[in-house]
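Same order as they appear, the protein sequences are chains A and B. Using the numbering used here, read the first sequence as starting at 89 and increasing by one per residue. Using the numbering used here, read the second sequence as starting at 1201 and increasing by one per residue.
Hints are not guaranteed to be accurate.
Said to hold, decoys possible - Pair ranges (Cβ atoms, derived):
no.: 1; chain 1: A; residue 1: Ala237; chain 2: B; residue 2: Phe1218; range: 20 to 26 Å
no.: 2; chain 1: B; residue 1: Trp1261; chain 2: A; residue 2: Leu247; range: 30 to 36 Å
no.: 3; chain 1: B; residue 1: Ser1286; chain 2: A; residue 2: Glu232; range: 26 to 32 Å
no.: 4; chain 1: A; residue 1: Gly141; chain 2: B; residue 2: Thr1207; range: 27 to 33 Å
no.: 5; chain 1: A; residue 1: Gly243; chain 2: B; residue 2: Lys1291; range: 35 to 41 Å
no.: 6; chain 1: B; residue 1: Met1258; chain 2: A; residue 2: Ala138; range: 20 to 26 Å
no.: 7; chain 1: A; residue 1: Leu160; chain 2: B; residue 2: Val1204; range: 15 to 21 Å
no.: 8; chain 1: B; residue 1: Val1204; chain 2: A; residue 2: Leu349; range: 29 to 35 Å
no.: 9; chain 1: B; residue 1: Thr1207; chain 2: A; residue 2: Leu250; range: 30 to 36 Å
no.: 10; chain 1: B; residue 1: Lys1291; chain 2: A; residue 2: Leu247; range: 36 to 42 Å
no.: 11; chain 1: B; residue 1: Phe1205; chain 2: A; residue 2: Gly141; range: 23 to 29 Å
As the list claims (entries may be wrong) - In silico DSBU-like pairs for lysine-lysine, Cα to Cα no more than 30 Å straight-line:
no.: 12; chain 1: A; residue 1: Lys120; chain 2: A; residue 2: Lys110
no.: 13; chain 1: A; residue 1: Lys343; chain 2: A; residue 2: Lys110
no.: 14; chain 1: A; residue 1: Lys120; chain 2: B; residue 2: Lys1223
no.: 15; chain 1: B; residue 1: Lys1223; chain 2: A; residue 2: Lys233
no.: 16; chain 1: A; residue 1: Lys120; chain 2: B; residue 2: Lys1289
Just so you know, these hints were derived from the structure itself, not from any lab. C-beta: ideal position from N, C-alpha, C; glycine also.
Here's the letter readout for the chains.
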Amino acid sequence: MIDLAANFAYILSAGLFIYGLKMLGSPATARKGNMLSSIGMLIAVVAALASDGTTFEFIIGGMIIGAAIGLLAARLVAMTSMPEMVALFNGSGGGASLLVGWATLYLSPDSSIGGFTAFTIALAILIGGLTSTGSLIAYGKLSEKLNSAAFVFSGQRFLNSLLLLAIIVCTYLFCMDPSPDSIYLYGLLGLALLLGVMAVIPIGGADMPVVISLLNSYSGIAACAAGFAINNNILIVAGSLVGASGIILTNIMCKAMNRSLANVLFSGFGAAKSGKAVEGEVNPVSVEDAYYILEAASNVCFVPGYGMAVAQAQHVVKELGQILEANGCEVSYAIHPVAGRMPGHMNVLLAEADVPYEQLVEMDDINPRIENVDVAIVIGANDVVNPSAREDEDSPIYGMPIINVDQARTVFVLKRSMASGFSGVDNPLFFGENTRMLFGDAKESISGVISEFGS
Amino acid sequence: METVFLTFILVLTVFLGFELISKVPATLHTPLMSGANAISGITLAGAFLAAGSTDNDMANWLGGAAVTFATINVVGGYLVTDRMLSMFKSKRSAAK
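Start from the sequences and build out the full structure, keeping to the hints where you can.
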């Protein structure tokens, strides 16, 4: 009876998840959508408690600790650290699915676990484990606690193939004789955790948007597998929604780099450096001259990249944008899909600085009218505005869609020095005739321009 | 039969998920991701079974740990998403 009631409650919460995700499709309704989705979660949790709980020490203890950690983390994290926070939350969800899969083995008396259930348990453990350690490595790379460059060594592929083979064998042997004491279970646990590490270390910092989306997807798939293991339909519905959303995002990110998922995951991009070296003269510009050009401009477009996050320059950028607007200039912010370290990273930072979302434009919207832009200001972006992607067939980033700032009337590039971008590819943009380099810290340079406007 | 039924749900939901998410604009990709991530904390509903319905110590401990991790995911995920979304303002409301 109570089971039936719980299942009806699950239907309600599934509806709320779906409607909530739908409302996340527009900035005007997104907040409400998230609220609805959290109400759905509350309903599901209460229903599950009512139908499954008989003793509550572990449940209440776990929930208090978890809620306290989650609350603190969500309140305290700086907006610029959002990518690593999301990575950690992903890992936490993956870890939970692994534990649920594992614990399920102890729930049914021995030898009553069917082959299919055993397989889904193995999947929950495998994907959950992969997600948790993978997310930890991603966290390390994003927070620069680990070297964010791709880590590649000889024999890596061979080792990974062996690892996969061992996982398949362990899974098979475990499914043949599923029991909580099976040594293959422990083998699988260890291998799954190791796989997460091995999967993420060869991926460089600039490819992190793909990794985060993919781990997000895995955390959903793991929940889904756990749902199959314990025959719970809300886990399957919610898990597969998340899995699907992660895959879509992953696909969008890969397309934005013109690379296949396999290429991102296995090539160790950023380790290999090739492509034509570019030579030429750069035209530096002083803060004062930059001011004169901006003062006369009637259409300015900011193109932010990860460097803006590093320099914490979003607030001064917005301030300059406001001054320009007051000066009668049309201001927009063009954001490449893979700018930053996670999907939509720049949008969040600019939103934090109170830039209205109408001014945030996508690459496909700005490119057709880039020729009408008087000044494109590139802040801490490099590869996403590199014309080699369009012109140089030998370039490793050839074919990647870029924001064509080189076709704007004037381009300002804010850059600390002449070092090459993350991918190690030279950028001919810096040597363009209409390019002016504004060297120095992005935040200081922009503050300088702002004070010129003030004087 | 149960398995077939559950797989049926799975397939339909995946298609639904694809439809829903492909309409989300790039501006909202981060909140979408962290909001979806919070939903994946639904594992919590599964963790209760192990944490609270058996006498087996091992299952209790594993389940309790799963409850902790899943709760971090749920609470943290929803709050951080809300915090981000509260910053997205339209021109009109930003002027206020």
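Going down the list of hints, with the structure as the test:
no.	hint	result
1	A/Ala237 <-> B/Phe1218: 20 to 26 Å	34 Å, violated
2	B/Trp1261 <-> A/Leu247: 30 to 36 Å	33 Å, holds
3	B/Ser1286 <-> A/Glu232: 26 to 32 Å	28 Å, holds
4	A/Gly141 <-> B/Thr1207: 27 to 33 Å	28 Å, holds
5	A/Gly243 <-> B/Lys1291: 35 to 41 Å	56 Å, violated
6	B/Met1258 <-> A/Ala138: 20 to 26 Å	25 Å, holds
7	A/Leu160 <-> B/Val1204: 15 to 21 Å	44 Å, violated
8	B/Val1204 <-> A/Leu349: 29 to 35 Å	30 Å, holds
9	B/Thr1207 <-> A/Leu250: 30 to 36 Å	32 Å, holds
10	B/Lys1291 <-> A/Leu247: 36 to 42 Å	54 Å, violated
11	B/Phe1205 <-> A/Gly141: 23 to 29 Å	25 Å, holds
12	A/Lys120 <-> A/Lys110	11 Å, holds
13	A/Lys343 <-> A/Lys110	23 Å, holds
14	A/Lys120 <-> B/Lys1223	17 Å, holds
15	B/Lys1223 <-> A/Lys233	35 Å, violated
16	A/Lys120 <-> B/Lys1289	14 Å, holds
Hint check: violations occur at hints 1, 5, 7, 10 and 15; the rest are consistent with the structure.
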